Amino acid sequence: MSVALLGNPNTGKSTLFSALAGIPTRIGNYPGVTVEEKIGRFTHRGKGIELIDLPGTYSLVAKSPDEQVVVDVLQGKMKGVNRPDCVVVVADATNLPRNLYLVSQALAVGLPVVVALTLGDVAESKGIAVDHAALSRELGCPVINVVAPRRL
0 MSVALLGNPN TGKSTLFSAL AGIPTRIGNY PGVTVEEKIG RFTHRGKGIE LIDLPGTYSL
60 VAKSPDEQVV VDVLQGKMKG VNRPDCVVVV ADATNLPRNL YLVSQALAVG LPVVVALTLG
120 DVAESKGIAV DHAALSRELG CPVINVVAPR RL
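All letters in the sequence shown, in the order written, are residues 0 to 151 by numbering that gives the first Met the number 0.
Since no wrong hints were added, every one of them can be taken at face value.
With a straight-line cut-off of 25 Å between C-alpha atoms, the simulated DMTMM-like cross-links for lysine to aspartate or glutamate are:
#, residue 1, residue 2
1, Lys46, Asp84
2, Lys37, Asp91
3, Lys78, Glu49
4, Lys125, Glu137
Don't read these hints as lab results, they were simulated from the structure. As the structure is a computational prediction, the values presented were derived from the model and not from experiment.
Please build the complete structure, drawing on both the sequences and the hints.
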């Protein structure tokens, strides 16, 4: 099974990738750190998982080389990279409106989507509460909370 990690810059995609795949990646607090896809493999419950860490993007309308990599991978047009079986959109819980635009575009691609909310602790400290069940119903896909450094 192949899973693509998609999300805006600085949402924790690469941190989640490192935690799941056990592969250290270059992580920085600025856009453009991941400028090409990275692929890691791991086993979960006896099943092999190929995890694709995509460059951060705000849109699936490609206007830069980073965004074109994302679109090509999701459409199965990237040479040497299998089209993912599903997409995990890593979204910052402190700024959901900005992140939900990309979620809506991911849902339109036609692959199964899971929304993984990061920075939930920061959102909570700012008084932001996310109703995961209501958001899941509204989007029509699972919404989960993750704490990437702890693999939760």
